[in-house]
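**Student:** Chain residues, written in single-letter form:
Protein chains: 4
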Amino acid sequence: MSGRLRTIVVGATGYSGRELIRLLVNHKNFELVGAFSSRSAEPLSLAEIHPQLTGLIDLDCQPFDEATTARINPQLIFLATPNEFSHEVVPSLLETGATIVDLSGAFRLRDAALYPEYYGFEHTRPDLLQKAVYGLTEFSRKELSNAKLIANPGCYATSILMPLIPLVKAGFLSDLQPIICDAKSGVTGAGKTPAATTHFVEVSESFRAYNLFKHRHTPEIAQGLGVPNNSNTLIFTPHLLPINRGILSTVYLKLDDQVTRENVLSTWRNAFNNAPLVRVFAGTQMPEIKFVAGSSFCDIGCTIDRKTGQAIIVSAIDNLLKGAASQALQNANAAFGLAGEEGLR
Amino acid sequence: MSGRLRTIVVGATGYSGRELIRLLVNHKNFELVGAFSSRSAEPLSLAEIHPQLTGLIDLDCQPFDEATTARINPQLIFLATPNEFSHEVVPSLLETGATIVDLSGAFRLRDAALYPEYYGFEHTRPDLLQKAVYGLTEFSRKELSNAKLIANPGCYATSILMPLIPLVKAGFLSDLQPIICDAKSGVTGAGKTPAATTHFVEVSESFRAYNLFKHRHTPEIAQGLGVPNNSNTLIFTPHLLPINRGILSTVYLKLDDQVTRENVLSTWRNAFNNAPLVRVFAGTQMPEIKFVAGSSFCDIGCTIDRKTGQAIIVSAIDNLLKGAASQALQNANAAFGLAGEEGLR
Amino acid sequence: MSGRLRTIVVGATGYSGRELIRLLVNHKNFELVGAFSSRSAEPLSLAEIHPQLTGLIDLDCQPFDEATTARINPQLIFLATPNEFSHEVVPSLLETGATIVDLSGAFRLRDAALYPEYYGFEHTRPDLLQKAVYGLTEFSRKELSNAKLIANPGCYATSILMPLIPLVKAGFLSDLQPIICDAKSGVTGAGKTPAATTHFVEVSESFRAYNLFKHRHTPEIAQGLGVPNNSNTLIFTPHLLPINRGILSTVYLKLDDQVTRENVLSTWRNAFNNAPLVRVFAGTQMPEIKFVAGSSFCDIGCTIDRKTGQAIIVSAIDNLLKGAASQALQNANAAFGLAGEEGLR
Amino acid sequence: MSGRLRTIVVGATGYSGRELIRLLVNHKNFELVGAFSSRSAEPLSLAEIHPQLTGLIDLDCQPFDEATTARINPQLIFLATPNEFSHEVVPSLLETGATIVDLSGAFRLRDAALYPEYYGFEHTRPDLLQKAVYGLTEFSRKELSNAKLIANPGCYATSILMPLIPLVKAGFLSDLQPIICDAKSGVTGAGKTPAATTHFVEVSESFRAYNLFKHRHTPEIAQGLGVPNNSNTLIFTPHLLPINRGILSTVYLKLDDQVTRENVLSTWRNAFNNAPLVRVFAGTQMPEIKFVAGSSFCDIGCTIDRKTGQAIIVSAIDNLLKGAASQALQNANAAFGLAGEEGLR
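Here the protein sequences come in this chain order: F, S, W and U. Residues in the first sequence are numbered consecutively from 387, following the working numbering. Residues in the second sequence are numbered consecutively from 387, following the working numbering. Residues in the third sequence are numbered consecutively from 387, following the working numbering. Residues in the fourth sequence are numbered consecutively from 387, following the working numbering.
The set of hints was computed from the structure by calculation and includes no laboratory data. Predicted model, so just to flag it, every value in this text is computed and none were measured. A hint or two may mislead.
Each pair may be met inside one copy or between any two copies, as identical chains are not told apart.
Computed list of lysine-lysine pairs in DSS-like fashion (alpha-carbon distance at most 30 Å, straight line) [stated by the list, open to error]:
id, residue 1, residue 2
1, K600, K578
2, K534, K414
3, K555, K693
4, K600, K693
5, K534, K517
6, K693, K414
7, K578, K528
8, K555, K528
9, K414, K578
10, K578, K555
11, K578, K693
12, K414, K600
13, K534, K693
Excised from the complex, chain F in its bound form:
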C-alpha cells in the first residue's frame, strides 16, 4: 500500500466519532480528510465541538451530503451515525467503492425480520445484511480482508462475545440453564444527546437496570454465539453505571462437569494467541473497568466452582474504544491488510 488512505468520519460530533478522530490523527496509514455530521446544518470546527481536539487537528465538521463526500473520494468511511441514518446511506456509499465501517447496528443482524422489533424500522436491504461482515475483529480476520461493508459490533455484545465465543466453540457449555449476562456500562454508551436519563443528577450516586429482556444487543449476542434468541438460552441485562467510560460484564454459565479453570484459560490463550489487545487474567485479580478505561484492551477472567461446574466470566472493555472506535480501526486495518493493532496502543 503506497500513500495514506483517504479517510472520512461521518458522525463526528458524537463520542465515538471523537474517539475515532483521536485515533486517526496518529494513524500511519489512514489520513483523515473529512469529518461530517449527520445532524448539524452548519460547518463547525472540530475544536469547537470537541475542545479536547484543539491543537490536535485543524478540520471543519461539515453537514453530511453525498455530493461533497463523492468529491472527497474517500477510500475508507467510518459511520458513527444513528441506525436509521446508516441504513439509509450505506447502499449509495457502497457504490463509491469505498470501504465502509458502520458503527451503528444497521447491518449487524443477519435476520432482517428482527429489525422492526429491536430497531423500530423495517430493513430494506436484507441482501446487504448477508454481505456485511460482522467485525468482531479477533474472530473475523479472514472475512474482513478486503471487506467492503463491515458492521462494527455493539459495545455490550463485544464485551460478552469476546470471552464466550471460544468457550462455545470448545463445546464447554452445558445447556441446562441460560447464559446470564449482567452487564454494566458507563454513560458515554448512551450517547451525547441530552436526556433526562443522562442528566448528571439522575445518574450520579445512582445505578439502574434498563431494557430488561428487550435490549437490542440480545439478538446480536445470540447470533454471535450461535444460540437461539430466547430467555431460556440467553438473558442479557444492561445497567447504567455513574462513570463516563467502560463496560464490565459478569456472565453466569454452567460448564460441563470436567471443564476446569485451566481448560478455560488455555482455550482463551489459544484463541487470542495473536490478539495483543486481549488480556487473559489468569491469577486471582479479575478484570476491572479502571484497567481498560482509555485503552483498546479487552480484559477477560473467570472463576469456576469445581463442585458444580458453575462459572462466572468477568470481562471489561472501554465502550468507546474496543466497544466502538478501536474495534472500528482494527476492522479497517484488517480490511486493508494492516496489523490489527496499528494505531491502537
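Position chains S, W and U relative to chain F; hints supplied.
**Tutor:** Just chains S, W and U now, kept in the frame of chain F:
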C-alpha cells in the same frame, strides 16, 4: 393559629419543588393540599415524577392555573418556578391574600433597572420589589413577620451573605481590595431540564468556571452586603462541581489590621446566637460540603493571616435546602410566627 | 412503656454507627445515653468524629469497656462493631439484661460450622446462635417481640431476601437452575477504614466484582431462603459501585410455568401489607438506587418473560439504612412493641 | 544521539511513576531499563502493581538500592519519590553522571531556609538548590539544555505559573491587591497511599479547601513569579475535587488600567509560540478540566472587566501529566536536545 395552614407548591416537578414537598410532608403546621407544575400540561402523580416520594405522599401534580388555585384557597404558596413565571403570576396570587414565598429571582433585587441585564426581562412591578422581603431568614425575622411576599435568596448568595453580613455590619472590612467570592456548586443548582451542560459525561470527572463577571447573583450579593455592584468591590465566580448537592464558597477579603480570628468568631456567635441552623467552625476543621449535604445547616469558618489581615472565609450549604427549600420553609415559619427551625431537623 | 429507654451505641465511629446516632436523635422512645468505640483509646466528641453531627448531639464517644457500660445501665444496646468484637462481648452484655441488636455477622448464621470458612474464626457460642433472632423485620415480628439478642441482617442479604422470601414461601420457584444474585453496592458498605480498595482513585470511574463464589452473605441468603448453600442452587456476586450509598440487586430466577407478574406482585402486596417501608414497583419503572438513598425504604420490582418463566427481580435499599441502621431500629422497635417505622420516616 | 538512552524510574508504584512508564513505553529516544520502588521490599511485576500496564511492558519493579542502580548504569533517572527520599539520594545519584529529573519538591526552592517550614526537614545541600534547574519547560529551555539536576515543578504551581509568568514579564500586573489563586485538584494529586482524606466516601459528593495560607506550593509560585512570599502579594488556596485527574486554577488579579484582553492573549501567543502543549483559549469558551484530562496540554484563558482592570485567569492541566510525568519528559527531552513534545501526543 388553629389547624394546619393550607399550603401549595407551584413548580413541583423540579428539584427544589421536590425538596419542599419532602419537608412539608413532615411539617406540623403546614398541610400540603396542592402541587402544581408551571410547565406540564397533564396531571401526573408526584410519585411518578419523583419516585423518591412513593409512599410518602399521595397527591397529583396538576398543571397550574389560577382558577384551580383559587378554588383550593391556599394560605401559603411556594413558587419554585422560573423567574419569568413568578414575575407574571405573583401580582394576581397576592390578591388571594395568601402568603407567597418565591424561590425564583423575580423579586430579589430592589433595583428594577438590573432586571434586563441580569434576568433578561423588564420588571413590570417595581412597586412589589420595594415591598418584597428578602428572606435571608437569620437577618430578616422582623420584616418576615406577617410578610405577604417573600423573595427567597439565591443559593450562591445565601452561602456568601450568611458569613459576610455580620462582618460588614461590624465594620471589619478594609476597602483596599475587592471581596472575591470563588463559589462551587453541585449540579442540582442547574435545574432538572436536560442540557448539554448537565449531561453526565460533560460534568463527571471535570470542573469548570462559568458566567465570569456576569452571574445574576452578583448584584444580589452586592445588595445584601450594601456595597456597590462593581468588580473593584465584589467579584463572584461560580463553578460547577461534579456532585449532586452542595455549595462551598471560598471568600477572600482584607480585614482591618486589628481584627483577629477570635473577633470574627465571636461576631458570628453573637449574630447567630438564636440561629440553630448556622454552625460556626471554630477549630482547625473548615466546613466541607459533605457535612451539610442533605441538611438545612449553613456551616461557616475562617482563617486570617495576622501579619497582613488577609482573610479566607469558607462556607458550605446544601443548595437545595438552606439554599432553597429549607430557607423557604424558615421564611414561611417566620411569616407565621413559628420557630425558625420547625420541620427542618 | 413509660420514659424513654436508655440506649447506647457501640461502634459509633463508623458509618453505620453514625447513621444509628442520627436516627436515635429523633426517636421518641429511645434516648441515646452513651456512644462507644471498639477501637479508639481516647474519648472524642461525636462532632469531631462526624462533623455532620455538629449541633445535633452533644456527646462524647468513649472507649468501650464493660464496667462503664454497666454503670450506664442501658436497656438497649446497638453493636455496630467488627464481627470478632461482637462475638466476644455479646455473652457478657446479655447478662446485663439489656436488649442487644448486633449489626455484625457474629450471630447471623445458625450453623456454627460455617464461621471458620466465612468469618475466619471459630464460634464459641453455638447456643446463642440458636437463640438469636435473625431480624429481617418484616418477616420476624413475632420472634422479635421481647427478643434479647437480635442479629441484624447483612446489607446484601437484606436486599435479596426481602423480595425473594415471599416467592419461595409461595412455592413459585422452579429448581431447574440456580438463583443468581448479581448485587452492586456503594462504598460505605466497605467501612470507613482507609484501604487501597476504598481509595477514591481506585473506585471512581471504575467498577469491579469481588469475592466470587465466597462472600459471607451467601450462606446467610441460603439460610434465609431455606435452600442449600451451593452454587447449583444459589450464586451471589457482589460488586463495588463508585457511589457512597445504596445497593441494587438484580436477581435471576426461573419461576414455575404458570406464575405471572401479577401473581408475584400480589404475593408481595400481601406479604408487605403492613410494611410501610417496602414499596412494590408495579409499573414499568424499576427500582433505582437514587429512589432509596438516604431513606429506610426497600424498593422491589420484577419482570417476567411469560414464554419461559424466566424472571428478573430488581431490589434497591440504602445499605446504611434498611441495610443496617434503620433495620436495627425497626428491630429494636419490634422488640419493645413499638410501631415498625417509629423514627424512620 | 545514537541508540536509545538507558532510563530508569524510581517511585514506580505511585500514580506519577505509572504515568511516566506509560509515556516511556512509547518514547523513541528513551528506553526504560529499570523500575524501582522507594518503599517496597520485594520485587513485583509492574503489571501486578498497575494492572493497566499488563501487555504494555514486561518489567519487574525492584526495591531501590544504589548498587543495583549503578550496575544498570542509567543515563536518565526519573525520581517520582517522596521529598525526603529525593533529598537523600540525589547527591550520590548525581555522581553517576546520569541526568536526574526529580518530580518531588526536594530541589524546587532556591532558598534552603524555606524547607523546614514548608517541607518539614532541614535542607542539607543548599549548593544543589542553586544548581538545580526549575523545569517549567516552556520558560527554561536554555537552562535545561545539558542540565544534570532538574527540579520538576509542582502540579498546582505549574497550572498557575504557566499563564502568569508572561503577564508578570510584560509588566501588566498592578500591585494594588494580592494575586489570588483559587485552585482545585483531583485526588491523584494526593498520592496513592490510603488515608482518611482520600477514602472514596470522604471525597465523593463533597468538596473542601485545605492548607489555607500554608501549602508548600505557595513559596514555589512566589519564586516562579519573582514576587515576595506573603499574603498581601500572593494567596494560594488548594481544594480537593471529587475527580481522579486534573487541576483547574481560577486566578484573580488586577491589571494596569490600559491592559486589554487582546493584550493578554497576544502576550500569551508570543510566549507560547513554540510551545505546542500550551493552548490559548481566545473565544468565549474557557478551559475546563475535561479538555485536558489524559493529555499533556496546559489550557489557559482569561476574562477582563475593562471598567476596572480586574482580571480572571482560568487554567487547566492534567496534574499527572503536564503537572508531573509529561513535564518531566519535556524536561528530559530538553536536557537531551529533543523536541519538547516527543512522546507526549
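**Student:** Next, verify each hint and record whether it holds.
**Tutor:** Hint check results:
Taking the closest pair of Cα atoms, K600 and K578 come within 30 Å of each other both inside a single copy (22 Å) and across two copies (28 Å). Taking CA atoms no more than 30 Å apart as the test, K534 paired with K414 passes inside one copy only; the shortest distance there is 21 Å, against 35 Å between copies. Taking the shortest Cα distances, K555 and K693 sit within 30 Å of each other both inside one copy (23 Å) and across copies (28 Å). Taking the shortest Cα distances, K600 and K693 sit within 30 Å of each other only across copies (13 Å), while inside one copy they are farther apart (33 Å).
In this assembly of identical chains, the alpha carbons of K534 and K517 lie at most 30 Å apart only when taken from the same copy (9 Å versus 62 Å across copies). Taking the shortest alpha-carbon separations for K693 and K414, neither the intra-copy value of 51 Å nor the inter-copy value of 51 Å comes in at or below 30 Å. Taking CA atoms no more than 30 Å apart as the test, K578 paired with K528 passes in neither setting, with 34 Å inside one copy and 45 Å between copies. With identical chains, the CA atoms of K555 and K528 are at most 30 Å apart within one copy only, with a shortest distance of 17 Å there and 55 Å across copies.
For the identical chains of this complex, K414 and K578 are intra-copy neighbours only, at 29 Å inside a copy versus 36 Å across copies, given an alpha-carbon limit of 30 Å. In this assembly of identical chains, K578 and K555 lie within 30 Å of each other by CA distance neither inside one copy nor across copies; the values are 37 Å within and 42 Å between. In this homomeric assembly, K578 and K693 never come within 30 Å of each other (Cα to Cα): the closest approach is 46 Å inside a single copy and 36 Å across copies. In this homomeric assembly, K414 and K600 never come within 30 Å of each other (Cα to Cα): the closest approach is 41 Å inside a single copy and 47 Å across copies.
In this assembly of identical chains, K534 and K693 lie within 30 Å of each other by CA distance neither inside one copy nor across copies; the values are 48 Å within and 39 Å between.
In terms of the numbered hints stated before, the structure departs from hints 6, 7, 10, 11, 12, 13, listed from lowest to highest.
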